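Q: In full-length UniProt numbering, the protein residues as written are 1 to 483.
Quick caveat, the hints were computed from the structure, so don't treat them as lab data.
Treat the hints loosely; a few may be bogus.
Ranges between beta-carbon positions, derived for each pair [said to hold, decoys possible]: (1) Arg44 / Glu183: 15 to 25 Å; (2) Ala48 / Asn115: 18 to 28 Å; (3) Gln390 / Asp251: 27 to 37 Å; (4) Arg175 / Ser271: 41 to 51 Å; (5) Asp251 / Glu273: 26 to 36 Å; (6) Lys142 / Ile481: 29 to 39 Å; (7) Ala339 / Ala370: 22 to 32 Å; (8) Ile5 / Gln302: 55 to 65 Å.
Straight-line C-alpha distance at most 30 Å; calculated DSS-like pairs for lysine-lysine [unchecked claim]: (9) Lys427 / Lys45; (10) Lys11 / Lys113; (11) Lys313 / Lys303; (12) Lys340 / Lys11; (13) Lys478 / Lys467; (14) Lys467 / Lys421; (15) Lys45 / Lys146; (16) Lys303 / Lys284; (17) Lys142 / Lys113; (18) Lys146 / Lys113; (19) Lys467 / Lys45; (20) Lys113 / Lys313; (21) Lys284 / Lys205; (22) Lys303 / Lys205; (23) Lys421 / Lys113; (24) Lys45 / Lys478; (25) Lys11 / Lys45; (26) Lys142 / Lys11; (27) Lys478 / Lys113; (28) Lys284 / Lys313; (29) Lys340 / Lys427; (30) Lys303 / Lys340; (31) Lys467 / Lys11; (32) Lys205 / Lys340; (33) Lys39 / Lys142; (34) Lys313 / Lys340; (35) Lys205 / Lys146; (36) Lys421 / Lys478; (37) Lys467 / Lys113.
Fair warning: this is a prediction, and the values are worked out from it, not measured in the lab.
Glycine included, every Cβ here is placed at the ideal spot set by N, Cα and C.
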Amino acid sequence: MLSTITWHPDKDANEPLYQQIINFFQHEITTGNWPVGTKIPPQRKLAALFDVNRSTIVTALDELAAIGSITSTPGANMTVSGNHWSSLLAERINWNQYVKAGQFKPNSHAIQKINQFETEAVIRLSTGEPAPEQFPQALFQKAFAKLGPKLTSLNYSEPAGILALRQQIARHLTRVGIHADPENILITSGSLQALQLVSVSLFPKNATIYTEAPTYVKSLQVFQSAQTHLSGIPMDPQGMAYWQMTPPSQDSRAIMYTIPTFNNPTGIVMSQERRQQVLAFAQKHQIPILEDAAYQDVWFDQKPPQPLKALDKTGNVIYFGSISKSLAPGLRIGWTVAAKPVIDRLTDVRMQTDYGASSLSQLVLAEILADPEYEIYQANFRRTLAEKAQTAQAILHRYWDDIATWQVPTGGFYLWVRLDKRINIQKLFNLAAEHNVLFNPGNIYDFQPNQYIRLSFAYESSQRFEKGIQILTELIYKHFITK
Numbered sequence: 001m002l003s004t005i006t007w008h009p010d011k012d013a014n015e016p017l018y019q020q021i022i023n024f025f026q027h028e029i030t031t032g033n034w035p036v037g038t039k040i041p042p043q044r045k046l047a048a049l050f051d052v053n054r055s056t057i058v059t060a061l062d063e064l065a066a067i068g069s070i071t072s073t074p075g076a077n078m079t080v081s082g083n084h085w086s087s088l089l090a091e092r093i094n095w096n097q098y099v100k101a102g103q104f105k106p107n108s109h110a111i112q113k114i115n116q117f118e119t120e121a122v123i124r125l126s127t128g129e130p131a132p133e134q135f136p137q138a139l140f141q142k143a144f145a146k147l148g149p150k151l152t153s154l155n156y157s158e159p160a161g162i163l164a165l166r167q168q169i170a171r172h173l174t175r176v177g178i179h180a181d182p183e184n185i186l187i188t189s190g191s192l193q194a195l196q197l198v199s200v201s202l203f204p205k206n207a208t209i210y211t212e213a214p215t216y217v218k219s220l221q222v223f224q225s226a227q228t229h230l231s232g233i234p235m236d237p238q239g240m241a242y243w244q245m246t247p248p249s250q251d252s253r254a255i256m257y258t259i260p261t262f263n264n265p266t267g268i269v270m271s272q273e274r275r276q277q278v279l280a281f282a283q284k285h286q287i288p289i290l291e292d293a294a295y296q297d298v299w300f301d302q303k304p305p306q307p308l309k310a311l312d313k314t315g316n317v318i319y320f321g322s323i324s325k326s327l328a329p330g331l332r333i334g335w336t337v338a339a340k341p342v343i344d345r346l347t348d349v350r351m352q353t354d355y356g357a358s359s360l361s362q363l364v365l366a367e368i369l370a371d372p373e374y375e376i377y378q379a380n381f382r383r384t385l386a387e388k389a390q391t392a393q394a395i396l397h398r399y400w401d402d403i404a405t406w407q408v409p410t411g412g413f414y415l416w417v418r419l420d421k422r423i424n425i426q427k428l429f430n431l432a433a434e435h436n437v438l439f440n441p442g443n444i445y446d447f448q449p450n451q452y453i454r455l456s457f458a459y460e461s462s463q464r465f466e467k468g469i470q471i472l473t474e475l476i477y478k479h480f481i482t483k
């Protein structure tokens, strides 16, 4: 391993720090100072040696790995892999010019960092997934056993998705008041693909997307990459304050995106009355509604009001559902419910980008949804989640009563926590990441800076949740608040 590095990047130079580090690495490799196989110090040590943020090191190392100058092997250190000729070639091709030229906007630094560091070694208070121990292994084994004799091929499915699954989803939706025929349902590779399909298929250029503030979609760039404009609408405890929307002019187009049931990240549930009002407002001004119902089935003690789609009599609402939160995100199955012309358009575009969600996942999910034991699993899943939510709040009361406030969740995966104004959220995020704890800063969901963080109580055990809070508490009192 390299024991001494005396070079430092020039912080006053116009060239970005990460690019200076890339150039330094390539120079040392091409001159033979660092031969093939030389071990590279860990990220944290490099950050200290160069006196830069760890994120700068990550960016530089990622680029060096992409051009073949270094290699990272799981469980081992990074090593020099590029020889003289490959490094010279890398110097002639500036891949940064290409990766920054695409129309799809990159995630924010915080989200990239969360995605990169979400590993089993990290306490993941950021992860919006069910806990691995809640996976219904017996239910899946039963489905596979039943499916086995029927499995004669795994060819592409019908363009809109396997009919048996669309029929089961149609039956499943009747329980929340949505009556849709299979021809009004499109199976997608998770609800994220549905959002992408809608953004490239239905959004006019420069359209305005009205959405709650804060909201999950603000943490995505999918809508902005479609050259649309997000407009955040405040919320009160009943949901979106729709009356604060400015109706679009005759020569402009607008769409409403909403998570009325257990809003991500706040957990707010839009009241039945507010749903009626929002729907009436949208119909009056001819604004289509995109209803994201990812958490529709993840309630604790009381069912939430019916979805907007169940109240929709004119086909004004496009409804997105998913199995990711209530069963298994790895199945990568979501669905879109809409008027047939919309489904036909989305299906056509999807067939230009892929040939459908996994046939095996679709067949397995169809078997599971048809199994009466699925409802038993769902009840147990909700009960366990409610217990974890209660325990997580007790932990916060134990450690943070003097420095934080939050609303009691009635479903979903999250606690939306407002921290004391003396706490610098971004600095806490970076410090926590260095101590192997991840949470989601509130500003990735909002249209302006705020003092919130989103904590997931769903993924980690209650013991690891408390350990994560202990670490955050130590960091808070060490760096921001004097007891």
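Q: All the hints need checking, so say for each whether the structure fits it.
A: Status of the hints after comparison with the structure:
At roughly 55 Å, the beta carbons of Arg44 and Glu183 sit outside the given window of 15 to 25 Å. The supplied range of 18 to 28 Å is met by Ala48 and Asn115, whose beta-carbon atoms lie about 24 Å from each other. The supplied range of 27 to 37 Å is broken by Gln390 and Asp251, whose beta-carbon atoms lie about 52 Å from each other. Between Arg175 and Ser271 the Cβ separation comes to about 20 Å, which falls outside the hinted range of 41 to 51 Å.
Between Asp251 and Glu273 the beta carbons are some 33 Å apart, a value that agrees with the proposed interval 26 to 36 Å. For Lys142 and Ile481, the Cβ-Cβ distance of about 52 Å falls outside the hinted range of 29 to 39 Å, so the restraint is violated. Hint check: Ala339 to Ala370, Cβ distance near 27 Å, so the stated range 22 to 32 Å holds. Between Ile5 and Gln302, the C-beta spacing of about 60 Å keeps the proposed range 55 to 65 Å intact.
Annotation: proposed proximity of Lys427 to Lys45 holds, straight-line Cα distance about 19 Å (limit 30 Å). This hinted pair checks out: Lys11 and Lys113 have alpha carbons roughly 22 Å apart, not beyond 30 Å. Between Lys313 and Lys303 the CA atoms are separated by roughly 22 Å; this keeps the pair inside 30 Å, and the hint holds. Using a Cα cut-off of 30 Å, the hinted pair Lys340 and Lys11 is violated, with the two alpha carbons roughly 57 Å apart.
For the hint linking Lys478 to Lys467, the alpha-carbon distance of about 17 Å falls within 30 Å, and the restraint holds. The suggested pairing of Lys467 with Lys421 holds, with an alpha-carbon distance near 23 Å, which does not exceed 30 Å. The straight-line distance between the Cα atoms of Lys45 and Lys146 is roughly 53 Å, outside the 30 Å bound, and the hint therefore fails. For the hint linking Lys303 to Lys284, the alpha-carbon distance of about 29 Å falls within 30 Å, and the restraint holds.
The suggested pairing of Lys142 with Lys113 is violated, with an alpha-carbon distance near 38 Å, which exceeds 30 Å. For a cut-off of 30 Å, the pair hint linking Lys146 to Lys113 is broken: about 41 Å separates their Cα positions. The suggested pairing of Lys467 with Lys45 holds, with an alpha-carbon distance near 25 Å, which does not exceed 30 Å. For the given pair, Lys113 sits about 43 Å from Lys313 by alpha-carbon distance, which is inconsistent with the 30 Å threshold.
Between Lys284 and Lys205 the CA atoms are separated by roughly 23 Å; this keeps the pair inside 30 Å, and the hint holds. Between the alpha carbons of Lys303 and Lys205 the distance comes to roughly 38 Å, so the proposed pair goes past 30 Å and is violated. Using a Cα cut-off of 30 Å, the hinted pair Lys421 and Lys113 holds, with the two alpha carbons roughly 24 Å apart. Between Lys45 and Lys478, the direct Cα distance comes to roughly 22 Å. Compliance with the 30 Å bound is thereby established for this hinted pair.
Distance check on the hinted pair: Lys11 and Lys45 sit about 18 Å apart at the alpha-carbon level, within 30 Å; holds. Restraint check: the Cα-Cα separation between Lys142 and Lys11 comes to about 60 Å, which exceeds 30 Å; the hinted pair is violated. A distance of roughly 23 Å separates the Cα atoms of Lys478 and Lys113; the hinted pair therefore holds under the 30 Å criterion. Among the hinted pairs, Lys284 with Lys313 is consistent with the structure: their alpha-carbon atoms are about 13 Å apart, no more than 30 Å.
A threshold of 30 Å between alpha carbons decides the hint, and for Lys340 with Lys427 the separation of about 49 Å lies outside it, so the pair is violated. Annotation: proposed proximity of Lys303 to Lys340 holds, straight-line Cα distance about 29 Å (limit 30 Å). About 37 Å separates the Cα atoms of Lys467 and Lys11, which puts this hinted pair outside 30 Å; it is violated. Between the alpha carbons of Lys205 and Lys340 the distance comes to roughly 23 Å, so the proposed pair stays at or under 30 Å and holds.
Restraint check for Lys39 and Lys142: the C-alpha separation of about 48 Å exceeds 30 Å, so the hint is violated. Restraint check for Lys313 and Lys340: the C-alpha separation of about 14 Å stays at or below 30 Å, so the hint holds. As the CA atoms of Lys205 and Lys146 are separated by approximately 48 Å, the hinted pair breaks the 30 Å bound. For the hint pairing Lys421 with Lys478, the CA-to-CA distance comes to about 15 Å; that is within 30 Å, so the pair holds.
Straight-line distance between C-alpha atoms of Lys467 and Lys113 comes to about 21 Å, which keeps the hinted pair within the 30 Å bound.
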